[in-house]
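Chains as they are written, first to last, in this note's numbering: chain X, 1 to 304; chain P, 1 to 226.
No lab work stands behind these hints, which were simulated from the structure alone. For each residue, glycine too, the CB sits at the ideal point set by N, CA and C. Some hints here could point you the wrong way.
What the hints assert, rightly or not - Only some residues are given here: those of chain X computed to face chain P with a beta carbon under 8 Å: (1) Thr3; (2) Ala219; (3) Tyr223.
Stated by the list, open to error - If you want the footprint, here are the derived chain P segments under chain X, 3+ residues with CB under 8 Å: (4) 66–76; (5) 99–109.
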Amino acid sequence: MLTNFKRIVKSGFINFWRSGVVSFASIVVLTVTLFVIGGLYLGHAFLSSSLETIKEKVDISVSFQPYATEVEVLTVKQQLEMLATIKSVVYSSREEELANFEERNKDNALITESLKEVVNPLGARLNIKALDPSHYESIARSLENDSALSADGRKLIYDINYRKADIDRFVSFVAASRRLGVAVALALIIISILTVFSTVSLAIHVSREEIAVMRLVGANNRYIHGPFIVEGAVAGLFSALLAVLLLYPAVIWVKGVTAVFPERLDLVSYYLNHFSTLFFFILGFGVILSMLASYWAAKKYLKV
Amino acid sequence: MIFFDRVTKIYPDRSLALDQVTFSVERGEFLTVVGHSGAGKTTLLKMILVEDRPTSGAVYLDSTDVNHLGRQHLHRLRRKIGSVFQDYRLLPNKTVFENIAFTMEAAGRTDEDVASDVPHVLELIGLADKFWNFPHQLSGGEKQRVAIARAIVNQPDILIADEPTGNLDPINTSDIVQIFQKINDLGTTVILTTHNKSVVEAIGRRVITLENGRLTRDDKNGRYAL
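Produce the complete structure using the sequences and hints provided.
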């Protein structure tokens with residue numbers, strides 16, 4: 001058993017080396033495929049990170065009436081925090097709002113002077129972030145319908161700053177990006193797999209006579225199949241190495257091209273920090289795909 | 001040892017390759033099958049090796065109907081049969097040594113057996129100096145010798161050879177015939193197809209004649225009658 005395994009592995013390596021051009025062609029196709037798969041992996045990270053960054057910038061701002069007390073606002077905050085759709089609620093007191101307002105308008109003498117004449121006219125504020133952008137609409141609607149009242153029966157909420165159009169556009173953009181991303185990834189993966197299967201199939205087709213002879217001289221299927229599967233694994237290994245190395249200049253290029261986006265993911269750092277995960281992902285995909293293709297292709301010719 | 005029982009083979013294109021062929025071969029016999037091209041000689045050998053199956057009739061090896069063997073069991077039957085083909089059918093990416101070793105390894109022989117038997121059999125057929133040559137570096141005669149070495153290295157019960165001298169010059173033909181005779185002298189049953197009259201006469205043993213798929217003659221003492 002062990003002797004057979006050793007012979008199969010040795011034969012696989014020797015065949016890979018001696019097949020020269022055929023092995024080279026398989027490696028080229030597999031490398032391109034794995035490069036695409038690696039690109040999809042990094043593209044997914046880039047897109048997810050960019051969407052996450054944009055998501056972080058979206059929120060609902062709820063301004064309260066100046067007469068709403070801190071306790072009343074904090075009660076509303078606690079009620080909001082209990083909702084499953086809400087990620088965080090940040091409280092900003094009347095004093096902080098005034099300080100922010102003064103800071104924003106420090107160059108406007110009229111406003112600065114006017115503020116000195118009056119009692120703080122601003123109410124406290126709650127900035128709400130949802131777990132998913134699609135939740136904003138329902139949160140905003142529930143706040144608008146909220147009947148939170150002060151002790152003397154007046155409405156507590158002054159204004160809900162919810163840029164519906166922007167958020168709706170963003171929600172549609174996220175959904176479309178995801179759908180497009182999945183469709184493109186699926187299409188590329190299917191094309192890549194078919195290409196690899198065709199190439200490996202073609203490479204093994206060259207050996208069909210050889211396979212028939214092996215059968216006729218008394219070799220069993222496992223002994224014939226084995227070296228082709230090992231060859232596939234070796235091709236997958238080399239291709240994974242090449243693909244992961246070729247991705248490095250590619251991410252440097254992408255980093256340069258996307259430099260105009262201020263909040264983009266630093267793909268080069270991401271590539272370096274996730275190198276081992278990326279490598280093993282590509283390696284696993286390449287080796288398994290290539291082995292499966294070899295198994296399937298050789299099987300066709302074992303019917304002698 | 002081998003028994004063809006009314007074997008008929010009709011290919012999908014409706015051509016009749018074998019028509020109710022019945023004969024038997026005893027252990028240790030040397031049988032030459034003669035006939036024009038298309039007479040059914042190769043089909044007959046394919047039936048023994050189960051490379052193809054009869055449309056009707058049965059082929060027995062000892063008491064086993066070989067056509068009842070599933071594909072997964074064929075390798076065991078084939079290890080008992082050495083085969084030599086007109087076009088040699090060597091493995092092109094393996095050296096002479098590896099071509100012969102492959103048959104032994106496939107049969108589960110040990111590394112020690114391989115290391116001792118392959119040089120021995122190569123010496124026997126006069127190719128001891130071609131160990132590490134690839135098939136494309138050999139002449140036709142040398143390739144056929146390697147094919148014979150591969151066929152006999154596992155000491156099979158039966159050796160079948162399909163037009164083994166078809167691509168060879170007269171000197172190589174004579175050498176190859178002598179090798180087959182030696183193998184037969186050592187007790188291996190040999191079945192050889194040819195349409196070469198001088199080969200039949202040189203062997204001088206039992207001859208069966210096929211014409212259009214029918215067995216028309218069975219002569220005990222090598223006669224070429226076509």
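Counting residues of the stretch 66–76 of chain P that have a beta-carbon nearer than 8 Å to any beta-carbon of chain X, does the count reach 3? The restraint on the stretch 66–76 of chain P holds, since 5 of its residues have a Cβ under 8 Å from chain X and three suffice.
Outcome, coverage hint (the stretch 99–109 of chain P, chain X; C-beta under 8 Å; three residues): Holds, because 6 residues of the stretch 99–109 of chain P bring their Cβ atoms closer than 8 Å to Cβ atoms of chain X.
Against chain P, run the beta carbon of X/Thr3 and see if the smallest gap drops under 8 Å. X/Thr3 check passes; min Cβ-Cβ to chain P is 7 Å, inside 8 Å.
Hint status (Cβ of X/Ala219 to nearest Cβ of chain P, threshold 8 Å): OK, holds: X/Ala219 within 8 Å of chain P, min 4 Å.
Hint check: is the beta carbon of X/Tyr223 less than 8 Å from a beta carbon of chain P? At 5 Å from the nearest chain P Cβ, X/Tyr223 passes the 8 Å test, so the hint holds.
Of the hints listed earlier, there is not a single one the structure fails to meet.
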